[in-house]
Amino acid sequence: MATAQGKHIYYVPHGSKWPAVGTIGLFTTMIGAANWLNEVSWGKPAFYVGVAILLFMMWGWFGDVIRESLKGMYNSQVDVSFRMGMMWFIFSEIMFFAAFFGALFYARMYSIPWLGGEGDGALTNFYLHSGYAPAWPTNGPDAIGGAFQTIPAWGVPLLNTLILLTSGVTITVAHHALRAGHRTQLLVFLGLTVLLGAIFLFYQAEEYIEAYQHLNLTLGSGVYGSTFFMLTGFHGLHVTLGTIMLAVIWFRCAKGHFTKDNHFGFEAVAWYWHFVDVVWLGLFMFVYVL
Amino acid sequence: MATHAATDHHHADHHDDHDHKPQGFMNRWVFTTNHKDIGTLYLVFAFIMFCIGGAMSGVIRAELMSPGLQFVEPYFFNQMTTVHALVMIFGGVMPAFVGLGNWMIPLQIGAPDMALPRMNNWSFWIMPFAFTVLLCTLFLPGGAPAGGWTLYPPLSLQGGSSVAFAIFAIHMMGISSIMGAINIIATILNMRAPGMDLLKMPLFVWTWLITAFLLIAVMPVLAGAVTMLLTDKFFGTSFFNAAGGGDPVMFQHIFWFFGHPEVYIMILPAFGVVSEIIPTFARKPLFGYQAMVYATASIAFLSFIVWAHHMFTVGMPLGGELFFMYATMMIAVPTGVKVFNWVSTMWKGSMTFETPMLWAIGFVILFTIGGFSGLMLAIVPADFQYHDTYFVVAHFHYVLVTGALFSIIAAVYFWWPKWTGKMYSEKWGKFHFWWTIVFVNLLFFPQHFLGLAGMPRRIPDYNVAFADWNMVSSIGAFGMLCTPVFMFLILWHSKKHGKTATAEVWEGAHGLEWTVPSPAPHHTFTEPPVIKASMLAHGDPTH
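These protein sequence lines map, in sequence, to chains A and B. Going by the numbering used here, the first sequence opens with residue 1, and the numbers climb by one from there. Going by the numbering used here, the second sequence opens with residue 1001, and the numbers climb by one from there.
Same shape as in the complex, but just chain B:
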């Protein structure tokens, strides 16, 4: 495509339409190229998916509340565990972070929009249709996928009609993710305002840059893995069939080569969010900014060489077990750098505890618990005991719920006044936090005990010895099911009756996003801002 430097043939109407929103529903939301509207679409979609996935976890915990079979058939129970995971990972956490990235990255680097705005629209609009394909399997003969979200063959290939639907849904999600990630990389590398050097970027931008790289590197590998499943089932290939010289374990290797970086895809942006919030409410610059950037990059690199710790018990040569054990443990080093830097940022800060800060501190403490249980799981001989027990379930829910999800909620409270121009109710925001803290720990902490005592995961019934802690866990789950309702009501009330927010919103806020009015106009930074030191959260623009 021919391009002409510094031309003035662009749309003349584009200068003075700072808050000119397209008219009509279709123009505003379906044909949109605006990063803020697309960000909103992603966040609303993620919220709906969190509710659907949450409802499925309600079914799971209701069934597990007491021993024996109460509410659902075992096969339906398996569908619930499988689809709950797929919905929460691909429909909830990932789109929520893409939505936050869409909203905030252009605002934080002083760009007029994403680098490729039309592709941005396509990335989003594929998602609802991908989940239509996935969720419609619940109503097909044979039901939804029930072999676990990891889709291990041969079990996953024994499903009914759902196999092809699930695989094509994953292909659609992958296409969406790859395009979204390409857009984010191009935006960050090419659209920064003059003076916004790489090592002056907010950490949320840094973590998203690295996350986007991970996405482009591993989503195609997942696409390859599920394509091999598809051809094994429908076209007679033998990738995962030992009789033909293949190996079911090979699927696990390829899947987890995607799956482990995927774990960091879901947590690195969370690290970024927390690294924005804690300095704001500690009223101190982030401690060890550069160390945080390098730690993020180190985690991303290590995430490619640890995948087999998900499959220690499957049968691997001893050398492999040792390599993956030590490589996994090394991740604790850069992660420890991060946790200590957050704590050091708070050290002697002028701390206040507004709602986003509470969620961020909750993140630091509870995510660290998830990190420690991860270290326990990394020890090969110990993992032989823990593998496929509720200990694993407790571990990854600590990192995903009290980690990723907490940071998403923190980010929404943190940036909500910038998005809408309205403050939420601090009282009810704090209520939301404390309610969640109580019930999320009731829900997931006992699962550590259950797992260590030997309760297997992905089962609808269990030995009566596990009854007490399962009851506690289910009570926690029912408490957690209220939280999306709270959040919805708090945000709804804020939108209707909230106090008007200032541009800066928070006393200690630094960064370009706080220099634009609240609510952020439909178009921002149509001319690149001139960056002053006071506008930056990190670094001095004169250097």
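Isolated chain A, as found in the complex:
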């Protein structure tokens, strides 16, 4: 803690080139993506170059932070700043998902019934969408994307729910092991968590293949396909990131970066993992079951 009588002990880094690298990476990624979508030939390669620069930036930036941390340059106040940074970052992620959940609820609660003639929508329904009966799932009055079937909740999605919930238990066991100094138990249970994350992703990929190949359920299947794939897709992306983060943390544990009292890197990733877990529970409930 910084105290009035103590010397200046807050670590303020003196300049860093990584943010500049990150800016170039982000700019290249975004310009590349925009040109790719506009079918400009160099867009796609530029996008991948930008992503590579961003990965290089993360490697270097996190590396700097890890080295400084191992040298003992951080005090508990810096630790609190990192914790707040991670907490508010996760809050921003929650709000990002909230936008898509909001779209799902709005479509189900309002736009579909209105298209079906509820409330003030009677004449619109009569003149524009005559014969459209509101229901969920739906791909709208024009049946955009053609007839489709949905993924039953009580098959693979239930399995994936159990997998993610189990991974929440294993990472907690790993955390307790870390705090108790049980190194082998830590590595085993953290490794199990990575494995469960990978299995989840495998089943999710299987589910997508099934949807596209056999159920005709695609991103273009009207508002059902849109909300289904955007919600589960962004969630899957976050599980992917979380799994990579867990794997990195596994190697850092193996290298002995963490002590019983100082392992914020581990905790940050654990928080993130619980966040993707909770989002999945929301998805399972509102996308698959209801």
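These aren't lab readings, by the way, just hints derived from the structure by calculation. Glycine is no exception: its CB is placed at the ideal position from the N, C-alpha and C atoms. Heads up, some of the hints might be wrong.
Said to hold, decoys possible - With a straight-line Cα cutoff of 20 Å, these simulated DMTMM-like cross-link-like pairs (lysine to aspartate or glutamate) come out:
| no. | chain 1 | residue 1 | chain 2 | residue 2 |
| --- | --- | --- | --- | --- |
| 1 | B | K1532 | B | D1197 |
| 2 | B | K1233 | A | D142 |
| 3 | B | K1499 | B | E1426 |
| 4 | B | K1430 | B | E1354 |
| 5 | B | K1233 | A | E39 |
| 6 | B | K1430 | B | E1507 |
| 7 | A | K17 | B | D1037 |
| 8 | B | K1348 | B | E1507 |
| 9 | B | K1422 | B | D1037 |
To be verified - Listed next, the stretches of chain A that the computed footprint assigns to chain B, with coverage defined by at least 3 CB atoms under 8 Å from CB atoms of chain B:
| no. | segment |
| --- | --- |
| 10 | 10-19 |
| 11 | 22-33 |
| 12 | 77-87 |
| 13 | 106-113 |
| 14 | 138-144 |
| 15 | 151-160 |
Claimed, not checked - Here are a few chain B residues that face chain A, going by a calculated C-beta distance under 10 Å:
| no. | residue |
| --- | --- |
| 16 | A1115 |
| 17 | S1161 |
| 18 | M1228 |
| 19 | P1528 |
Place chain B on chain A using the hints.
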């Protein structure tokens, strides 16, 4: 990351380099982690963006000076209105406040720097590149976005190549804003000097804390909304397509769930600035300090439940219209608390009217006009008449120009001597103010009349019945276009020839920022200050 309490392994060179600035342009400005340099970068960037956005408004007002089409094609006119708004909101007002926050928050709470200095650098440097992505669309085939800054589908999706560029530019701005806001929250909650309790913080710090919360809560929602636009255009989704079961109105709901808190993101820090300046020049403590804090928090809370007042005419159930009308009107209560507290602070004060005080008083009066027209717009049946007319344009320019922008200018004059160690010319500062007061009202006040008479917004041509007031408004605009030049010259002259400023700068100034020398050294509060009652603007440190 492992951390070790109270270690002394930190850089030994860090103690005695109070004014040791990094050598070379790249080290000083591109790789910087210094909150003051990053604050300066933000402010310079915002100034450039204000000039670019101002030039676009010049095109708009030149075209509207008289009926008929004079200078530009209608489609280009639409690009100007769209990009003017995006540049002013995301490139001007928001970065200007982040710059002020960067400069002043660590100084006001006695912190050595921002909590996460490297991320602070990244937050800034994303911005020029984000606006490169946005502004380059002006030179693409099909031009810049032209569907209005609110990007309503289906119109916004009918643009040319610009759609993807605009969306990715907004993503970059959002990433920057979220990181900046996280940094500000972590700084305020974690970096305060001992004795700087939450309810002793300057109001500028309080308003920024709440603003940062709003930013983290709503910028991701905007990111989600524009991502849905992107997938609707390029990947065949049907979020905003009724044929697929979606609804274009759904975009408006999601957008304004971001958009209304965004309004307060642009005005709460302004409230903070004014709450610093008025007590200084009234030589009295701020009236109702705690009420000001709670009013700010109330406004922030209410800002989440009023969004649909931007879309009363789009078609909503009656219950929705009523709820959003009454919720909107409730915002007048905490806002009224603020206005009355500023006035009460001035009551029987030993007032002097230096340039920052003039801008602050101008803010109180003219922002209140914007608040009243906002109340008028909140009334559903009246809004059916006003919606999408110049009345709306007049309203939000009163709150954004004579509100947010006035407070930014006030803050720059107020803290400039602290930043540079030089006083500006009072005479020319006052000239800048009075010139602006005349022309800003010529520019925007007639737009109320035009709107009430039925002139629609976002059109390049209009009925001759509207000609006179449009002429007046355009004359006001041309006067306003001179003001950045004045400000630049005044500040340039001050930097070169200004009188040396004292540490306290203003006779009635209280707060930690006035206890450090002017100009503020490159590093301040490397050791936490011992706070005495006289240093605080609010509250007694012994309690």
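Do the hints match the structure? See the list:
1. K1532(B) x D1197(B): Since the Cα atoms of K1532(B) and D1197(B) sit roughly 13 Å apart, the hinted pair holds (cutoff 20 Å).
2. K1233(B) x D142(A): Status holds; Cα separation ~18 Å.
3. K1499(B) x E1426(B): Judged against 20 Å, a Cα distance of about 11 Å means the pair holds.
4. K1430(B) x E1354(B): It holds: about 8 Å lies between the C-alpha atoms, which stays within 20 Å.
5. K1233(B) x E39(A): Answer holds: K1233(B) to E39(A) is near 14 Å, not above 20 Å.
6. K1430(B) x E1507(B): Between K1430(B) and E1507(B) the Cα gap is close to 18 Å, so the pair holds against 20 Å.
7. K17(A) x D1037(B): 15 Å, holds
8. K1348(B) x E1507(B): 17 Å, holds
9. K1422(B) x D1037(B): Given that 20 Å is the threshold and the Cα spacing comes to 17 Å, the pair holds.
10. 10-19: It holds, with 10 qualifying residues against the three required.
11. 22-33: holds (count 7)
12. 77-87: Held - the segment 77-87 of chain A has 8 residues with a Cβ nearer than 8 Å to chain B, which meets the minimum of three.
13. 106-113: As far as the segment 106-113 of chain A goes, the hint holds, because 5 residues have Cβ atoms under 8 Å from chain B.
14. 138-144: holds (count 6)
15. 151-160: violated (count 0)
16. A1115: 4 Å, holds
17. S1161: Status holds, d = 5 Å.
18. M1228: 6 Å, holds
19. P1528: 5 Å, holds
Taken one by one, the earlier hints fail for this structure only at number 15.
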